[in-house]
Every structure is written in structure tokens, then in C-alpha cells.
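Asks: Listed below, chain by chain, are the residues.
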Amino acid sequence: MKKIETIIKPHKLDEVKAKLIDIGIHGMTVTEVKGFGRQKGHTELYRGTEYKIDFLPKVKLETVVPEELVEKAIEAIIGAAYAGQIGDGKIFVSPIEETIRIRTKERGKEAV
Amino acid sequence: MKKIASILILVGMFMMAGVAFAEDTAAPAAAPMAVAPAATEAAPAPVPHIDSGDTAWMLMSTALVMLMTPGLALFYGGLVRRKNVLSTIMQSFIALGVISIQWVLIGYSLAFGPDVGGVIGDFSLAGLSGVGLAPNGTIPAQLFMMFQMMFAVITPALISGAFAERMKFSAYLIFIVLWSTIVYDPLAHWVWGGGWMMKMGALDFAGGLVVHISSGVAALVCALVLGKRKGYPAEPMIPHNLTMTVIGAALLWFGWFGFNAGSALTSGALAVTAFVATHIATAAASLGWVLAEWKHHGKPTVLGAASGAVAGLVAITPAAGFVTPMASIIIGFAAGVICYLAIVAKSKLGYDDALDAFGVHGIGGTWGAIATGLFATVAVNGAGADGLLYGGSGLLVKQLVSVAASWGYSFILTFIILKVLDATIGLRVTEEDEVMGLDLTQHGENGYLM
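Residue numbers (this note's numbering), protein chains in the order written: chain A, -2 to 109; chain B, 130 to 579.
By construction, these hints were calculated from the structure, which means they are not laboratory data.
Some hints here could point you the wrong way.
Stated by the list, open to error - Straight line, CA to CA, 27 Å or less: simulated DSS-like cross-link-like pairs of lysine-lysine:
(1) A:K49 / B:K477
(2) B:K359 / A:K31
(3) B:K359 / B:K212
As the structure is a computational prediction, the values presented were derived from the model and not from experiment.
Work out the full structure, taking the sequences as your base and the hints as a guide.
Replies: What follows is the structure in C-alpha cells.
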């Protein structure tokens, strides 16, 4: 099992979610986050003073998938979130040691 | 201990008023003859009488001006960070409580009581002794008292923009009681209560000197004495809810019709003159500010439109009953541009007038008082005078003298009040409380649960 964490632009969330459901991923967790990478921030203007805003609003989507779905999931996310611009986001893949469904106490693949 | 000391000082203030009240209960029920210079438009009646039309309009106007203080609360509340929204709203809202009572006990008497040496009223009207329903002008004396009360309430609340996000609530309460008593009441007396400025012939239709210069200059002193907010200016301190600010600006605009047109104290032609001038100047100022920042910074902001409107309202206040609609456009448009530039300059000078109370009210009020000396004409109001552009040079000199006196008086007295409070109970919250936010540390509440 792998955890796929992806940080995307907020307006891409619905499309990414739809593509992931299409390839058979049934669950995910979404968080509103702020951050910056190469895109850096932007400026805002209040009463003639410019403020540099470093942290931009993004969405972080997390989902745990079986090995065989990892590449498909990555393709799905890129397909939906790609705009070819700085700030499109990133995907991180990491191993998961164990998964447990609390209600049934199932473990491993069954619990995902 | 400090809290107890604060409460004692407040109680002491009210006790003082109570004593004065007790002493003067036997005073004759002389209605105060204080009437704004403009109010002489009403035909001189042989017998004082109450006019129902005037009374109806002044009841309305009083309620309109009352609404400005909650409007100001929203205007300022949206401009601070979310952790300070309630404390900022509270500073305006609580003025309705504190200053209303101060006004009844001593404020009204000091401002509109029988003149003592041209500088202040005496205590004979304390506790509203003898302020009854007999006519003052053409309205009941108590209605005049209430109308003026709303001005007294909003003026110290205006100052709160300067020290938003860092002043201790207990210190704030004592500050506004002292400031109203020592700065506002005498100034109101000078200009409207039969004091020396009124006798000199300076024109201040609805409170450019008394309300805006006094509070704006006090705001500057507060910003200097209290010092910057922690993290200013390195850390961005961005308005947390500009929609709230725009609603507040709209309520101020609405209420200001009562403030300015109500200052006619009658419901006749003069009230309409002021109403028209108020709206036109405000519209022009909103445009002036937006165009100035569009040219200067490339974007026309909503906050600019709202701030410009307030700047225009401030600037037209002293002039509203004395100028033509075309002059109102010039006064307003210039106010928008001048106040914008003043606030841009502030960021270069480095003092932290958090919500620009000085930039808008001090600068806008000063421009308005000077503009009255330029644009006033007896063609609009026979009880006024001709400004420089209509061939009268004396008025401008009187306006400049009154501006300088209001600046000096408010600056020095505000400085003394703040220094005394700082040395006794302290003005600022602790650094930790400031970081946590004043809503939680001063009031134990949160503005938002989301």
C-alpha cells in the first residue's frame, strides 16, 4: 500500500476527485492548506500599501491505494490537475505499513 | 488592583457630576440658547414655539446619527485581523453606553451650559437639570440634547481606529470619559455652545473641528504614544473582512444625512442644502480616492471606494450648510485624493495609525475646515459668510485660526491624558495578549467559530 499526497490548486479538486473515483479509488481526505513553492506568493493592495502574500491557498488531497493502482492514480491526478503552469502542484508517494478499518477490525488491503 | 483603580476613577467621574447636579437643582430652567450658527435661517419667532416638522426631522436625524456608531464599529471591525474583530467593534459600541451617560451627567452642561469665559459651559445643566421640553430654537430642549449626544458618542469612537489591536479595554473606557470631558465638551462649547470660536465667526456646520479634527489629531497622538503594533510593519496586517467594512461605510453614509442635514436643526431649505452637499461630496470623494489609487497603484480597490466615501463625508461636514453643489464636488474629490496621499505618506513616516483615523478624520477634517473658508457663500446661507473665492478673506483667516486652535488643544490635552493613564494603569495589553488577540484576552470571546 502507498499513500498518495497531492497538493493542487483548489479549483482543480472536483476534477481530480472525479478521475480518482473513475479508476476505483473509493476514499480520500481533503484539507485546505496554504503554502508556496516555485510559484511564490502574490501582492495585495490595501489603502495604497502593497502586502506580499507568501502563502497561497491550496488543497491537499490524501488517499491510500494498493500498489497496482499507484501509477494509474498518479496519471489520473496529473491528467486532471495539469495546466502547464508554475503552481500546478506536486504529488508525494510514500509506503504505508498497515491499514485498519475500525468498525470491522479488518487489516491490510481489505481495509483500504 | 489595576482594575479596581480603573473602576474607582470611573465612579469618581460620575460622582463629580452627581455633586454638580445636586448643587444646581435649584438653577432656573433656562433653556440653553446654544444653536449652531447656521440655525438662524428659521424666521425669528416672537414667541419661542415648537415646530412639529422640525421636531420630526430632528427625531429622525438623532436616530440616524446614532446608527453611525455601530456603522463605524463594522467599518473598523472589518479592517482588523480576525482575532481583534470583537474588541474593535466593542470600542465603538460601548461608547454608546459610556458617553451617553457622561453626556447626561456632565457633558451636555460643559458643552452647552451657560458660558464661562468663552471656553466652557458651567455645571448648571448637569444631570439635565432644567433641560426639559421647552423649545430650544424650534425643537424641545431634550431633543437638541439627544441630537448633540450622538455626536459626543461617535467622536471618541473615531479615535479608536488609531490604537486598534493593542489598547487595554479598561484604559480605553477611562480614556474616552476623560477625553470627552476635557477635549470634546470644551471644543463643542467653543464652536456651538457660545464659546470664543462661535463669537469670532468661524464656520463649522456639523462638526469638522469639533468631531473630526479633534478626534483625528487625538488619533495621531494615540498612535505616537501607544507605539506600533507588535510586528508592524514587517508582518502584513491585512483587513480580515472587507465586506463588513463596506457595510459599515454604507451605514456611515446613510447616518451622515442626519449628522449634516440634521445640523440645520430645522427641516427647511437649509437641511436640504446640507443633504445635497453631503451626498455630492461623498460621491466625488469615493471617485477621487479610487481614481488616485488606480493611477498610482494600478488597481481600483473596494476599500478605496469605501475609505474615499468616508473622507468625503468628513470633509463636507463643516461646509455642508454653506456651499453650492458644484463646490461640493470639488471639496469631495479633493478630499478623496488628499486623504489617499496622506495615508500613502503614513507608510513612509512609519507611525502606526492602524485604521487611519488621523489620515481620514484629521486630514479630511482639516481640508474641510479650510475648504469652508474658500467655498462658503452667503448666496447659499445668509447666516454664513463669503469664503475667499467669493471675495471674503476674513473667513479663511478665522477658519485657519480655528483649525490651529483645535489641533493644538486636542494634541496637547490628548497627550497629557494618555501620559497620565500610561503612568497609572497602563495603556497597552501585554505582548502575549496582543499576540493572542484582544477578543480572547480582553473579552473572553471569539468573533468566529469557523
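Asks: Decide if the proposed pair is consistent with the structure: K49 of chain A and K477 of chain B, CA atoms, cutoff 27 Å inclusive.
Replies: holds (17 Å)
Asks: Run the distance test for K359 of chain B versus K31 of chain A: straight-line Cα separation, threshold 27 Å.
Replies: Roughly 23 Å between the alpha carbons, so the hint for K359 of chain B and K31 of chain A holds.
Asks: Between the alpha carbons of K359 of chain B and K212 of chain B, is the straight-line distance 27 Å or under?
Replies: Measuring from Cα to Cα gives roughly 14 Å; hence the hint holds.
Comparing the model with each numbered hint stated earlier shows that all of them hold.
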